[in-house]
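A.B. asks: Given chain S, put chain A in place with the hints provided.
Note that the protein sequences, when read in sequence, are chains S and A.
For what it's worth, the numbering used here labels the leading residue of the first sequence as 1, then goes sequentially.
For what it's worth, the numbering used here labels the leading residue of the second sequence as 1, then goes sequentially.
No lab work stands behind these hints, which were simulated from the structure alone.
Don't take each hint at face value.
[Said to hold, decoys possible] Pair by pair, the computed Cβ-Cβ distance ranges are:
1. A:Ala108 to S:Lys82: 37 to 45 Å
2. S:Ala205 to A:Ala101: 46 to 54 Å
3. S:Asp64 to A:Leu157: 24 to 32 Å
4. S:Gly147 to A:Gln76: 54 to 62 Å
5. A:Pro100 to S:Pro63: 36 to 44 Å
6. A:Pro58 to S:Lys82: 48 to 56 Å
7. S:Pro110 to A:Ile56: 22 to 30 Å
8. A:Asp98 to S:Ser120: 19 to 27 Å
9. S:Lys136 to A:Lys132: 31 to 39 Å
10. A:Ser41 to S:Pro135: 29 to 37 Å
11. A:Thr140 to S:Glu140: 54 to 62 Å
12. S:Val121 to A:Leu157: 28 to 36 Å
13. A:Lys103 to S:Pro135: 23 to 31 Å
14. A:Ala51 to S:Gly80: 42 to 50 Å
For every residue, glycine included, the Cβ atom is placed at its ideal position computed from N, Cα and C.
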Amino acid sequence: MKRNIAVLGLIIVVIAALLWAGIHNGRQRKLAIEQQQQQQQAVLVAQSKTTAAAQQAEEDTMPDYRGKPAPGFTLTALDGKKISLADYKGKAVLVNFWATWCAPCKIEMPWLVEFDKKYSVQGLETVGIVGDVAPKDEIEKITQKLGVNYPVLLADRKVGSAYGVDGYPASFFIGRDGKVVEQISGLDTDNGKDVIEADIKKALASGGQ
Amino acid sequence: MGRGQTHTRTILSAIFVLTCLAYIVHAQTNLSTAKGKAFVSYSAEPVIIAAGKQTIVPLRFHTLSGYHINSHTPRQDYLIATELTLQPASGIQIGKLDYPAGKPYSFAFDPQEKLDVYTGDFTVSARIIAPKGTYTLLGTLHYQACDNAACYPPKTLPIALPITAK
Chain S
1 MKRNIAVLGL IIVVIAALLW AGIHNGRQRK LAIEQQQQQQ QAVLVAQSKT
51 TAAAQQAEED TMPDYRGKPA PGFTLTALDG KKISLADYKG KAVLVNFWAT
101 WCAPCKIEMP WLVEFDKKYS VQGLETVGIV GDVAPKDEIE KITQKLGVNY
151 PVLLADRKVG SAYGVDGYPA SFFIGRDGKV VEQISGLDTD NGKDVIEADI
201 KKALASGGQ
Chain A
1 MGRGQTHTRT ILSAIFVLTC LAYIVHAQTN LSTAKGKAFV SYSAEPVIIA
51 AGKQTIVPLR FHTLSGYHIN SHTPRQDYLI ATELTLQPAS GIQIGKLDYP
101 AGKPYSFAFD PQEKLDVYTG DFTVSARIIA PKGTYTLLGT LHYQACDNAA
151 CYPPKTLPIA LPITAK
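One chain only, chain S, in its complex shape (with noise of 0.2 Å):
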């Protein structure tokens, strides 16, 4: 009898000591979970130079697809018709992913239509991909409404994934060789445009024919 009550204490000093170390555990890690979001954000402070969507980039470890090979892809257009990342073969190519509700997007758009004008005839190929679920025609009023001159392309669900991309806007330089010269997410509010138009440059020097 002595030695039951005896195993009972046991087990009841043990199961206390777990349920602690347990709670304890917990609380552990949400403290250096704060701790490390404070630190975060103390880089966000001192940085504020740098983009968030850098920042971002750091904290999620985005891969770095450049000197890779681009996924390759094969998708719908608005306009009905199968596009794929092959079809582009020897040309560089600027894949950029957007959303209709992505405010940063709609302003760089605008840009890309203009690049697309400007460098096509060296080659340039522009590629838009919407990453979100609205219907085409709210998809299509965007597009006109912004001028956009280049397919636009529906996103299936692995091509987001392929390109690691978690925020928009998002881009991606391709060079001639099929290889992704350069990568961009989030809008560079400072100089984005500069900096686009460096990377297309880029990409059309790179693995050149």
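C.D. replies: Just chain A now, with coordinates in the frame of chain S:
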């Protein structure tokens, strides 16, 4: 059955219970660090309300520093509004939800466009009538976040509100 067998059974039962407990504790700690960026967090504060009487219950949320989400009534129709949904629960009446007013915000690259957003802490209030008892009201907060340069796909934050009606 001998005393030895009884002890063995007690010890085996204890080991089983401890193993289960260890698994639960481990699972809970892992859940708390599940991967995936959330831009809004929810403070699950248990509330005590008067049974049978309509009570305004606050649900407190926090938007991660450096980010904003659209308010419940964004000015632009292409933006995704913040929307709280509480699941119907047996015996509980959920009335009107009161959302806070948004704050004016403009992206640096487009100062002309005025947005209506939530940043930092914000509270949505729910009018609830519950009979005597304890409940956990479940729901979701649907929102779409942006920082100063990019926007992120809409997210759905699950919430659980512990209520005691006395």
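A.B. asks: Does each hint hold? Answer for all of them.
C.D. replies: For each hint, the structure was consulted:
no.: 1; hint: A:Ala108 to S:Lys82: 37 to 45 Å; result: holds, 39 Å
no.: 2; hint: S:Ala205 to A:Ala101: 46 to 54 Å; result: holds, 51 Å
no.: 3; hint: S:Asp64 to A:Leu157: 24 to 32 Å; result: holds, 30 Å
no.: 4; hint: S:Gly147 to A:Gln76: 54 to 62 Å; result: violated, 19 Å
no.: 5; hint: A:Pro100 to S:Pro63: 36 to 44 Å; result: holds, 38 Å
no.: 6; hint: A:Pro58 to S:Lys82: 48 to 56 Å; result: holds, 51 Å
no.: 7; hint: S:Pro110 to A:Ile56: 22 to 30 Å; result: violated, 46 Å
no.: 8; hint: A:Asp98 to S:Ser120: 19 to 27 Å; result: violated, 53 Å
no.: 9; hint: S:Lys136 to A:Lys132: 31 to 39 Å; result: violated, 52 Å
no.: 10; hint: A:Ser41 to S:Pro135: 29 to 37 Å; result: holds, 32 Å
no.: 11; hint: A:Thr140 to S:Glu140: 54 to 62 Å; result: violated, 31 Å
no.: 12; hint: S:Val121 to A:Leu157: 28 to 36 Å; result: violated, 49 Å
no.: 13; hint: A:Lys103 to S:Pro135: 23 to 31 Å; result: holds, 30 Å
no.: 14; hint: A:Ala51 to S:Gly80: 42 to 50 Å; result: violated, 60 Å
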